[in-house]
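Engineer: Okay, here's what each chain looks like letter by letter:
2 protein chains.
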Amino acid sequence: MRIGIIGAGQLGRMLALSGIPLGLEFLMYDRSADVPGAAVAPVVTGEFDDLAALRKFARRVDVITFDWENVPVASVRALAGIAPAWPPPRALEVAQDRLAEKRLFARLGIPVAPHAAVDSLASLRRAVRRIGLPGILKTRRLGYDGKGQVRVTSEDELAAALAALGGRGLIYEGFVRFTREVSLVAARGQDGAIAFYPLAENVHDAGILAVTRAPRPAPRLQRLAEWHLRRILERLGYVGVLCVEFFVSGNQLIANEMAPRVHNSGHWTIEGAETSQFENHVRALAGLPLGSTRARGAAGMVNFIGRMPEAAAVLSLEGVHFHDYGKSPRPGRKLGHATVLAPTAAARDRRLKRLLALAVRASQVARGPFR
Amino acid sequence: MRIGIIGAGQLGRMLALSGIPLGLEFLMYDRSADVPGAAVAPVVTGEFDDLAALRKFARRVDVITFDWENVPVASVRALAGIAPAWPPPRALEVAQDRLAEKRLFARLGIPVAPHAAVDSLASLRRAVRRIGLPGILKTRRLGYDGKGQVRVTSEDELAAALAALGGRGLIYEGFVRFTREVSLVAARGQDGAIAFYPLAENVHDAGILAVTRAPRPAPRLQRLAEWHLRRILERLGYVGVLCVEFFVSGNQLIANEMAPRVHNSGHWTIEGAETSQFENHVRALAGLPLGSTRARGAAGMVNFIGRMPEAAAVLSLEGVHFHDYGKSPRPGRKLGHATVLAPTAAARDRRLKRLLALAVRASQVARGPFR
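As given, the protein sequences belong to chains A and B, one line each in that order. If you're matching positions, the first sequence starts at 1 in my numbering and goes up one per residue. If you're matching positions, the second sequence starts at 372 in my numbering and goes up one per residue.
Any given hint could turn out to be false.
[Said to hold, decoys possible] Label-pair restraints from in silico Cβ distances: (1) B/H575 x A/E47: 53 to 63 angstroms; (2) B/L513 x A/G287: 34 to 44 angstroms; (3) B/A718 x A/E47: 24 to 34 angstroms.
No wet-lab data here; the hints were simulated from the structure. Don't be surprised by glycine CBs; every beta carbon is placed ideally from N, CA and C.
Just chain A, same shape as in the assembly (with noise of 0.2 angstroms):
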């Protein structure tokens, strides 16, 4: 069975090599051929919304996914009668539009932070009164990596924020007192089995994600955000892997977001569990079998943004898993990760703590000397 997969970027990469162990083949459709996904498999060039590149693809394998959730809805539907393509388009297309997602979360009983669409400055206006301040004003669409957003703390402040994303086609969403942020990563199988991950939690740096830790053992959140999934995956008639991300407010879980793919925050699963998140997901796409997703002792992961550190000093490390896309190097750009494991959460943290050293100091070379 060959899988097609719709971007070839460090997702994809990962997606091939979880399932060629299997048997599986892949083939892979990007704008360039110079992708991580390239040392892997073969890749097609062309641009994402060129429909007759896109199904001469579909035609060349047995069913599509993506690695990248700005894969236009209109593409992946192109498709149908081709090649099944999952996670199925309505889920992208959700993902893709913050106010369509804080919709679907409020329809299925999903706490969501309080929310209005933004078309003006009178509407921001009018949101903002509704809401309160501080606030976030976010671009409904092609936000990513903290991209698209400011924070805004006064009335005086709209008119400039409101210019700066452009005027329109903006969510204005109030401020959410959070103690941490967590993630849940699910599967579903084309048989509609549904597999957890345990709890991830999550830190962020200037809206990039920094450190993963996992397990977060906290029984009533993990069964609530499950529930809170199952009923996503349900309605979506979700086949693949799927993650949220979730607030935690007191005994509260506010979701802030959706990736209808694979997701970074579980990037600790390769070698954190017992079955990744990308065999998961290539397991679903097969129609096989769903693989445990129990935790092999405790996991931290850190990403390497904009610069890698060496591989040498890093693999010295006790219990370390060192991953490398193949990507050059660029400011703010997910370069890497790696992963450390240990039989308990204290070792693990004593772990992340010597790796993250090795990562901050590799980004603070990439910020230059005078920084």
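Please arrange chain B on chain A, whose structure you already have, making use of the hints.
Structural biologist: Leaving out everything else, chain B in the frame of chain A:
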């Protein structure tokens, strides 16, 4: 860094799968492009004794290794000065000749079966007189998976056995009474650091490895085996992974043979050890620090020979990891393997039994319905 692998079978494939996450690149060399390694790296095709083609290949990589121990030693030696080749060609040379191998073992104080070179009926008769019956007559070179061997139990069989194996370039070995077969996999880095895996216990079927269970907890034998491998690794100035198979006879380890490469009895380390044999081999080649060889629970590995079981059936077992090399089926051919993991040896054995039932069923189908 780009690693060149001479031979692109399942071992080359698994080497690349373990090295790509580290940011390493791979280029392979094999007689055909229709090989398991082709799924994960470009394959240059050529004969193994085509020195011009091999030199051209070597110029495209930074370091060279091999996934097959019958690569001509002269071919590897011819690349000296272009790119370093590890393990050292001398290790390859010794492993290709059962007599040289036994002599090296004996010189290093490692017990071996009584043996004698055989090049004629007269020398075979002398050998049998000295060593006794039963015994095994083997080709000195190019034997693998039980091929090139004849067991002899009486004087009457000598002439036929000799003729069956070509009459010369043979070795006669006294039959060793053993309670079990074990193997030790070790890796040695360019800095001389050595990492030993836990002992694995192997069961062969018709000369082909069928099942490996690891770790085989036996502290005294572990120390003894490590002592033996350390001697070999240091004598040969070895870099990379080495496997030695031993017979356990009472409190003794009797060395049977060595493989100067990653080994089938080390496949369990992919999921069952903190760092796999494949990753440690490429780490050694790349001059990176070796990773921990500690076992993660108890592992059992089953080879799929002649026919693959149904993926869905295997993947529905608990704690299982499935590997399909993408080869076309042929009787006696290793097509894939699966590893079961469990927290205890007893639980592993229960899971292994279920896995074995599937493997046996598949191989019975392969033998045809009337057998």
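Engineer: Run every hint past the structure and note whether it holds.
Structural biologist: A quick look at each hint next to the structure:
1. Against the hinted window of 53 to 63 angstroms, the Cβ-Cβ separation of B/H575 and A/E47 comes to about 55 angstroms, which satisfies the hint.
2. One distance hint, 34 to 44 angstroms for the beta-carbon pair B/L513 and A/G287, holds here, with the actual separation near 42 angstroms.
3. Separation of B/A718 from A/E47 is about 52 angstroms and departs from the stated range, judged on CB atoms against 24 to 34 angstroms.
In terms of the numbered hints stated before, the structure departs from hint 3 and from no other.
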